[in-house]
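Asker: So the sequence lines, in the order shown, correspond to chains Z and Y.
5 is the number that my numbering gives to position 5 of the first sequence; each next residue is one higher, with no gaps.
Heads up: take any position in the second sequence, counting from 1, add 151, and you land on my numbering.
Worth flagging that the hints you see were computed from the coordinates, not collected in a lab.
For every residue, glycine included, the Cβ atom is placed at its ideal position computed from N, Cα and C.
One or more of the hints may lead you astray.
Unchecked claim - Capping the alpha-carbon separation at 25 angstroms, the derived lysine-lysine pairs in BS3-like fashion look like this:
hint : chain 1 : residue 1 : chain 2 : residue 2
1    : Y       : K305      : Y       : K344
2    : Y       : K163      : Z       : K125
3    : Y       : K305      : Z       : K125
4    : Y       : K237      : Z       : K117
5    : Y       : K368      : Y       : K303
6    : Y       : K157      : Z       : K135
7    : Y       : K236      : Z       : K135
8    : Y       : K354      : Z       : K129
9    : Y       : K236      : Z       : K121
10   : Z       : K26       : Z       : K50
11   : Z       : K125      : Y       : K354
12   : Z       : K121      : Z       : K50
13   : Y       : K354      : Z       : K135
14   : Y       : K383      : Y       : K400
15   : Z       : K135      : Z       : K94
16   : Y       : K236      : Z       : K117
Claimed, not checked - From the derived model, a few chain Y residues whose C-beta atoms are all more than 12 angstroms from chain Z:
hint : residue
17   : L174
18   : D273
19   : K383
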Amino acid sequence: MKKELKVPRIKDGTVIDHITAGSAVKVLHILGIPKGTSSVVSVAMNVKSKFGKKDIVKVENRELDTHEVDKIALIAPKATINFIRDYEVAKKYKVKLPDEIVGIVTCSNPTCISNAKEPVKSRFKVITKDPLRIKCYYCEREPEDIADRII
Amino acid sequence: MNFKGKDIISIKDFSRIEINYILDYAKEMLPYAKGERYKNILGGKVLSSLFFEPSTRTRLSFESAMNRLGGRVIGFSDPSGTSQKKGESLADTIRMADSYSDAIVIRHPQEGAARLAAEFADTPVINAGDGAGQHPTQCLLDLFTIFTEKKKIKEKNVVLLGDLKYGRTVHSLAYALSLYGAELTFVSPESLKMPNEVINECKELGVEPTYTHSLEKAIKDADVLYVTRIQKERFPDAEEYNRVVGTYKIDNNLLKNGKEDLIVMHPLPRVTEIDPEVDATPHAVYFKQAFNGVPVRMALLSLVIGGRL
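So that you can see chain Y by itself, here it is in the shape it has in the complex:
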């Protein structure tokens, strides 16, 4: 399987076989991601890291991934210091980054920005989140985490909780989990329900998601509880945000009703939706999940830039 030069824009661009291949390779990357081993497979290569929106995990794990493989990173984490401020188009910014580097990672507040970037770049473009759109590398690391913790995804009951309307991670994840035949339960406030397009995609893949307002009910049969933050920045008005924030809260009392081996995941950052008391329980895998961003992104960079372990 050859990924050299391939853009990573949406999880939907990949077949299950291709995803399996990436995840298997990410597993091989684990000791390198932890710094236990080192191989200079991207030595002399440069990654452009273009973050038009704030990020902690995605940006740092991409930079860590590139550095751990011997490559270098250029870029910005705040567009106010760039010519975008002077009105330069995204297309022109991409043309520049394309000529300075061997791959481009982009996060942008507008949906479709990464797809547009890929049109103007000869080097591979990796989407690190485009507005409320796609976030394929998050999706891959989520799948990697479930495989690592649960060994399989088929027939596992996965509850997606929180902001299912604006949350880009849950849209990609619902699709990818359907590809693997998971059982899906959606829990959200009425105003933040999963969009019909996503539900239809699940159905087209043979998965009939169930929907409930009641987290207490959903948690009983859950193998995986995937929690998302109610994202203030995606709300058109503050009133709607204030109405729904704090609807669901995960704490040890709630988790008593769940299976013993239930895992709790979260793409982070969390605000109030998971009580810190959960961190010390075996249910909490969200920090491991965040670490998994490094081996998965190492695998992707290695595959699209070229150079194998």
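Just chain Z, with the same shape it has in the complex:
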């Protein structure tokens, strides 16, 4: 049987593959897409793959900044980034969680100063990547419900 693509191939742009199933919308939210871009964005959710189900995001005519994309490792640690040029994969790499996460996750401590009306962004140090443990730079607490705390 001929293998059929759920989302058509793109000529140029970025494909984020192997996103944890059900997380694609949050991935877009973290990346600030579609805000600030006029590119065509396609999303496929719960796509069957060798390792179970996954989500896929395709952004046409735009190569996302790798540093920015690394942030999605918070909720999609197995995601891969593919830069597509003229239908070919020009570059491919796995997301890597940065050592510091700024302005993406809110602190779970309601009395943390980062939750007050102050001119600062939330800031977390990554303690361990697997299992994921992060610590608030300000109050030093470790939120457990990280995925639910994404801004």
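For chain Z, the structure is supplied; the task is to place chain Y on it using the hints.
Answerer: Structure of chain Y alone, referenced to chain Z:
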């Protein structure tokens, strides 16, 4: 070792070598803290003392420390008289204090406030307690007191008692005592147990704390009994507070079961957890401990502002 310009936010920002250096210098400060000697090493320098929450010992000992070294203090002990009341951000208040002084001491009800202050100030910021977070200068004076009374900390059995959940002093202290290889015993009501993060930090430093509800059992082998107040202001509801307040009480009858040279410490203020009859016994070191805030804070101010004995 150069501390000039350094912020003092959390005890975890310091290595054991750095802590030893501060404590050694605090020892040198003792005759100056008592007023037996005087040296004008911070003459012409100004300290901003910003207390957004009530304090007796911390604020007064910082002010005493600055004055004893020849410096001056500006600031407030009640934020209701400041522009915070008009909705000014902490960041802007800090920017102002930064431009008026050579160092800032801050106490604030929100965790992380001192870390934020340090971001907006060029001058050194000293954390004098941020909510249920850190209180590094209390921790340093606690270590100084144990060293003074017991000569060493390694393998000493230290019992931390009371509100181990909300009490900021015990969190920093458990970490620092682990750094020195003390044996730790935690005694608290079930609802006020030491948070797992703190226990994990102790374990990462090679210390396996023991936990019990029974103070009678814990006191037998204790070298240091560190008592804390059940803090009403940290409780989310009054019902929970009323359930646990008064669970433990230190009196002479209880201390009979302890070692002869057991010392009883308390960051103060105490309410009912230590009976005043204990004050007259050699076990009671909590007032000496409170005094030790002066030499330790003199050492810190001298180091971060610049100017040595």
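Asker: Does Y:K383 pair with Y:K400 here, judged by a C-alpha cut-off of 25 angstroms?
Answerer: 17 angstroms, holds
Asker: For the pair we were handed, Y:K157 and Z:K135, check the Cα-Cα distance against 25 angstroms.
Answerer: 22 angstroms, holds
Asker: With a cut-off of 25 angstroms on the C-alpha distance, tell me whether Y:K236 and Z:K135 pass.
Answerer: 31 angstroms, violated
Asker: Y:K236 and Z:K121: Cα distance at most 25 angstroms?
Answerer: With a Cα-Cα distance of about 23 angstroms, the restraint between Y:K236 and Z:K121 holds, given a limit of 25 angstroms.
Asker: Is the claim that Y:L174 lies outside the interface with chain Z correct, judged by CB distances over 12 angstroms?
Answerer: Since the minimum Cβ distance to chain Z is about 23 angstroms, Y:L174 lies beyond 12 angstroms and the statement holds.
Asker: Is it true that the CA of Y:K163 sits at most 25 angstroms from the CA of Z:K125?
Answerer: Since the Cα atoms of Y:K163 and Z:K125 sit roughly 14 angstroms apart, the hinted pair holds (cutoff 25 angstroms).
Asker: Y:K236 and Z:K117: Cα distance at most 25 angstroms?
Answerer: 14 angstroms, holds
Asker: Would you check the hint for Y:K368 and Y:K303, treating anything up to 25 angstroms between C-alpha atoms as holding?
Answerer: This hinted pair holds, its Cα atoms lying about 24 angstroms apart.
Asker: Is the nearest Cβ of chain Z still more than 12 angstroms from the Cβ of Y:K383?
Answerer: Nearest chain Z Cβ is 16 angstroms from Y:K383, so the label holds.
Asker: Can the restraint linking Z:K121 and Z:K50 be considered satisfied, given a maximum Cα separation of 25 angstroms?
Answerer: Given pair Z:K121, Z:K50 is violated - Cα atoms ~39 angstroms apart, limit 25 angstroms.
Asker: Next pair to validate is Y:K237 with Z:K117; report whether the Cα-Cα distance is within 25 angstroms.
Answerer: Status holds; Cα separation ~13 angstroms.
Asker: What's the verdict on Z:K125 and Y:K354, does the C-alpha distance respect the 25 angstroms limit or exceed it?
Answerer: 20 angstroms, holds
Of the hints listed earlier, those the structure fails to meet are numbers 3, 7, 12, in rising order.
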